[in-house]
Every structure is written in structure tokens, then in C-alpha cells.
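Start from the sequences and build out the full structure, keeping to the hints where you can.
Protein chains in written order, with our numbering: chain X, 1 to 397; chain B, 1001 to 1397.
Because the hints were derived from the structure by calculation, they are not lab data. All of these numbers come straight from a predicted model, not from anything done at the bench. Be careful, since some hints might not be right.
Said to hold, decoys possible - Some, not all, of what chain X presents toward chain B, calculated at C-beta under 7 Å:
| hint | residue |
| --- | --- |
| 1 | His-37 |
| 2 | Ala-40 |
| 3 | Gly-41 |
| 4 | Leu-49 |
| 5 | Arg-64 |
| 6 | His-67 |
| 7 | Ala-68 |
| 8 | Phe-75 |
| 9 | Pro-77 |
| 10 | Arg-278 |
| 11 | Phe-349 |
For glycine and all other residues, C-beta sits at the position ideal for the given N, C-alpha and C.
Each chain, written out:
Number of protein chains: 2
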Amino acid sequence: MDALVEAIGDLAVHGANVQPGQILGVTASIGQEELVHAVAGAAYRRGALFVDVFYYDPLVKRARIEHADPQTLGFVPPWYGQRMLELGDRESARIGFSGVVCPQALDGLDPALLGRDQLPWVSEITKVVDDRSTNWCGVACPHPRWAELVFPELPPGEAYERLRSELWHVYRLDEPDPKAAWDERVAALKASATALNERAFDALELSGPGTELRIGLLPTSFWQAGDFATRNGIRHLPNIPTEEVFTAPDPERVDGHVASTKPLVLRDGTIVRGLRVRFEKGVAVEIDADENADALRTRAASDEGAARLGEVALVDREGRIGALGTVFYDTLLDENAASHIALGNAYAFSAGEEDRRRLNRSGIHVDFMIGSPELEVTGVTRDGSRVPVMQEGDWRL
Amino acid sequence: MDALVEAIGDLAVHGANVQPGQILGVTASIGQEELVHAVAGAAYRRGALFVDVFYYDPLVKRARIEHADPQTLGFVPPWYGQRMLELGDRESARIGFSGVVCPQALDGLDPALLGRDQLPWVSEITKVVDDRSTNWCGVACPHPRWAELVFPELPPGEAYERLRSELWHVYRLDEPDPKAAWDERVAALKASATALNERAFDALELSGPGTELRIGLLPTSFWQAGDFATRNGIRHLPNIPTEEVFTAPDPERVDGHVASTKPLVLRDGTIVRGLRVRFEKGVAVEIDADENADALRTRAASDEGAARLGEVALVDREGRIGALGTVFYDTLLDENAASHIALGNAYAFSAGEEDRRRLNRSGIHVDFMIGSPELEVTGVTRDGSRVPVMQEGDWRL
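Given below as C-alpha cells:
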């Protein structure tokens, strides 16, 4: 088996912390079979009861968007959600793969129609994450077609070698003990989260090219890093790589405008480039883009909370992704290159009990990158004083 | 899109007779994506509500058999069966693909362990078929790896061309109107079934090389051909190709011995060669084989009905498969080359209401081929007279 794929599979099972006797639900795309096999082998060797793989096929979605009755595009068979809820009820492990497998799968389709079919995303994932019933991990899967998208200027074979070499570095596989390296990095991220929690800012101000945004925080908005525990205390790393510190904002107090600093790749593969969003009193009142603005507009109109923020995340420049300067067209990687915000649902555990009802609720969660070395982040305390938080990509706390 | 694959996809959707507004459940293996796309396109063009594809990955099964606790190998997550039952409750369409994609996937594994994990088969399929709630069709999907198994003496490219050319013929795609050709063939099969029903034999005697078997029939054992209707009257062709006329025997009255005339390929890909079975009072009391007898023995021991017969099928030599002389290592094709019997469950609609409780019940249904040009089939009437049914592959009724 390919050494990179095997190492990523091992990291995914380590990150999800698969327990003996657990079911492991895997969500993969057609084209990611080898990583599925690596994960299945590693999980069964750790004593998993059953590895249940759902393979998503983007070309079946294409056939649907092209030929099905547009009025039916929101339909999802009930067993998709039931599977997810039962994975939660049984306190299972979950692993999901990102990474592009077929960049042209949805080319030329009407973005408004695409926005109606959010598969492989199912809204029941939100409940399972909020319940903290599953231990899970998402990783990005290498693929030659993805490499051609990321490095279009290189011949295909070279592009794939370049992608593999960057992933090897990004996953810290060049460290003597990659798992220990991740433990160390996550500890540093948690220290930044703790410093932010101690300040208990009332708001953050973000200022940079194309961006002047003030984001209100809830009294108990709680900053976290990528080290979670289930309700039963099973620790897990939900993303590998992870380089972010994040919380949920006050969905009523977001004002100003932002410009994305990286392309946004939606879950179905649609790429939104040159995104610009203006907020008033928490609501995204204007969404523009150079490409595929409609796909995001449709999502932002899908329910009441879809046009409000559910997350704000800060990324320093110690992470290995931002330093590469590569656009991966994969949110899991790109969001860890730069500070970002997300339209839609907030994680319930991002605020204390007393503020939980005020968190944004939605069936969507769409991250987009607004960070860059030029982005300045300032904290505003409850007494109105202003404290530098991040400048030139470095923490100032 | 490949013309053969597109034509098979069209035939599958025609065979299942997919209706506007129906969900279509597809079961495919990794490696059969192109046929999935052909089927999805054809189904959505006919107005399907949703095409739900389950991709089975034999290498995930391999990881399980190799590494999981052997005691857990019978476990199936409940949502596998729930999906099947809900497809039935919603009166959906179903299409399944046979055909080998990875001949070595399960090589070298313990057949007894393999017998414990019957996926992608789930026992709930039996109820859905018996309820006649879904309109369905199974077709075989071409694949280069399959061609190498069927024609090992040919260079790989030539083997695949040969397989494609034989499938083109077997699917009657060389007829001016393949769908009309299937209508005609199914009408001829129904005429043979009607002739058998008019005789209402008490038993059949099968005699040929390695085979001397007497199979009792129930008073209302009902012979059918490959043209079904759902409880709501949606006609469909459950198998394409189909060349057989079949019924369910009396599970208490089967005596003698049989030798298989083609290799038996189990659903998980295990190949049982040189199979010999001896029956006493309906029960398979001895199961021997040159290879992998244990895989079948384990299945035959899986429940009370698993060692009794649920089907007897007669195949004449008008079919196109037998004439080729090719062993396809795929039951859907090979069973239509030759007369066969099946261990395990009987289709409930194979007998009249008054005999339905006497039909064999089991969680398995395993067909194996015992027919050849040398096989003579004799009908025994209730008054004991003997009537030739099939000689040299021709009907004698």
C-alpha cells in the first residue's frame, strides 16, 4: 500500500480514536478507495466491530441535477439521516474524507439547482456533533485529479508528486513521531484558546484588504482548539490537520464587509471565487462573487439561520499550510491556512449553557477564508478598550 | 459513454420498469461506476425521484475477515436492513449489478469465516421480494478484471473485447430492437412454464453425469418465467438476461445426489468448484467440493432451511448463454446457461396459498448449476406415470 495513504489512514484512526467494539462510519468519495482500505484495516486492527462505508458519487449527483424534476432536488431518503442518528445513538466513531476526486463533475450545472441538493451532507450530522455522541476525524485524501486542480501549471505526474510532498509536510509525516507532533501542536492551540477565554472579549474587529468587520461575541463564547471529547470522555482530534482556534459569535451583532482570501469550495465541489459579503445586524444582506455567487446565495437562503454567522476562527502562521502559499480548493486544508468565518450553524458547545439558546441554528455550515498576513484582529473588551489580538499572523495576546 | 455500458444501463431501467416519482435503490460494487452513471441518467430521465446507490467494496470486507474478531462477523448495522425494508414500504424500484470486479479480493481467506459475513446480501431482501412491493432488475456489469477471470488464456485487452462481444450477444443487443427481443423470449419461456403448470407433476427426476436426483413438487408448485408484476401491477423483468423456467419444490422430498456442472460463485466472490451434494428426505446431508466446500457448508448450516431446496429451474438450449460454452463465474449468467437448483429460501409466490406454509424458508438462497446437454428431466405424475420433460436440452412436453 502507498506509504502516504497508509500514514494518513493511520492518522485518521488515531484522530478519531476508534475504540474496540465501536462501529466506524466512513464517508468517502468514489476515487478514495485506497484510503478507505487503509482506514478499514487500521480500525479493524484496533478492534472495531464494523466499518460502514458510504461512498458518495458526484457523477450520480450530476445525473440528478441534469435530469430530475428541480422541485424534488431537496429530497433525501430518510435512511440517510437515520444512519447518522443511529451512529450517534450507538456512540460510534466517524471518519470523513475531503479532497477533490473529480474536479469537473459538476461543471456547467445551474448553481441554484446545485444549492438544493446538499448531499453527501445530511442535516442530522448537526445533532450528532452537538450531542458529542461520536468520536470523529476528517482528513484529506490525495488524488491525481485533485493535484491537477491545485497545480494546473505542472504536468499531471509532477502535480501529483507535488501535492503528495506538500501533504506529507502538512500532515507532519516528516516528524520523527507524527502523532506526538500533533499532540504538541494541539497543546499550543489550546494555550491560545485559553488566553482568549481569559480576556472574554465583547467583540472582535477584523481589518484587512477588502475586510472591515466587527463580530460581537456572547458573554460565554468559548474558544476551542482541535481536541474534543465525547460526552463519555473519548478524546479525539476532529480534523487533521488542524491549525485553528475558534468559537461561535453573537449572531445578532455582525456588521461590516468581508472579502474572501481563498476560493470557497462547497461540499458538492462547486467553487465560489472572489466572494464578498456585507453584514448588517448579523445578517449577510449582500453576497457577491466573481463565480458561483448563486450557489452560496441559495444556501444562505435555505433557512432562517443560514445567513448569519455560526463560527469565527483565528489561524496563526505557525501552521504549515499558510506558509506553503498553496490553494488546495479543500476547506479542511484551506481553512487551516487562514482565519475564517462560517455562515450557518454554531457548534452547541461553543458557548456556556446560559447563552446556548442565542447561538445561531441552521441546516448549513459554510466556512470561508478571510485571513491573510495583512489581517489585523483587535479585541474589544466590555469596558470598550481595544487590545491587539493578531498582527502579521502572530498572536499579540 | 461506452455503448455497451449505456445499452445495459438502458435495459436495466427498462427491466426494472422505473416509474416517475419512484426511488431507485442501486446495489453496485466499486469498479462498476460507469454502469451506475448510465442507470442513474436513464432513471432520472424517466422521472425517478431519487437514485440511491450502495457501493459494496470487497476490499473492506477483506480487511474485516482478516482483522476483526471472528465472533462479530455476522453483525450487520441495522440501517442496512432498514434501507431495504423502507425501499419496500415506499414501493420503490431496485437494480442490482452482478459481475466480478476484483477476482482476488478474498483470496486466501478462511472460507468458514467468509461464510459468516454475507454482505452485500441482507436477509431483509427476502421479505421485500416476497411482498412483491418493488419492481426490480439485475444485470451483469462488464469489467476488465472479470474478463481476465473468464478468459485467462487471452491477453488482457483481448479478453475484455471477447467478454464485451459475448455480453453484446447475450443481452441481444445485436437484435434490431433488444427490448422487443426480450419480450419475445420471455413470452416463449412463459409458454414452457404454462405447459409445466398444466401437467402438475408430483415430482421431477433429473439424471445425468454425477446426478441422480428426485425432486418432489408441492400440489400447487407454480412454474414461472422472468416476467413479474408487483402487488400493484407494475410489470418488470427481474433478470436480464433470463432464460429459465422455475418453481419451488417440496422441501421434504428431495433425494439423491447432484454434481455441479459449472463453478458456483458465492455473493462474496468465493468460488466453489467441483461441488457434489447428497440429499436425504430434503436435506443436503453431504456437501463436498474440490475447492471451498466449507464456504457452502457454513451457509447451509446458517439456519434450519439453509440445507433444503428453495428452487428448481430448467433451462433449454434456446438461450444464448449455454451455446457459448463460456463459464462466466457469475450466477446471473451461468444459471441461465443450465438447469439448476437452489439451497435456501423459496420465493413465496412459487406456490398457491394453501401450500405457502410448506415452502422452504431461510436467510440464504444459493443457486448452483447441474444442467448440461446430457441431463434428462422426467416428470412423474400423481398416478405414477413418467413423462419426458427435457432431453438433450430440448423441451419434450
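Verification of the supplied hints:
| no. | hint | result |
| --- | --- | --- |
| 1 | His-37 | holds, 5 Å |
| 2 | Ala-40 | holds, 4 Å |
| 3 | Gly-41 | holds, 5 Å |
| 4 | Leu-49 | holds, 5 Å |
| 5 | Arg-64 | holds, 6 Å |
| 6 | His-67 | holds, 4 Å |
| 7 | Ala-68 | holds, 5 Å |
| 8 | Phe-75 | holds, 6 Å |
| 9 | Pro-77 | holds, 5 Å |
| 10 | Arg-278 | violated, 37 Å |
| 11 | Phe-349 | violated, 26 Å |
In summary, the structure is inconsistent with hints 10 and 11 from the numbered list given earlier, while agreeing with the others.
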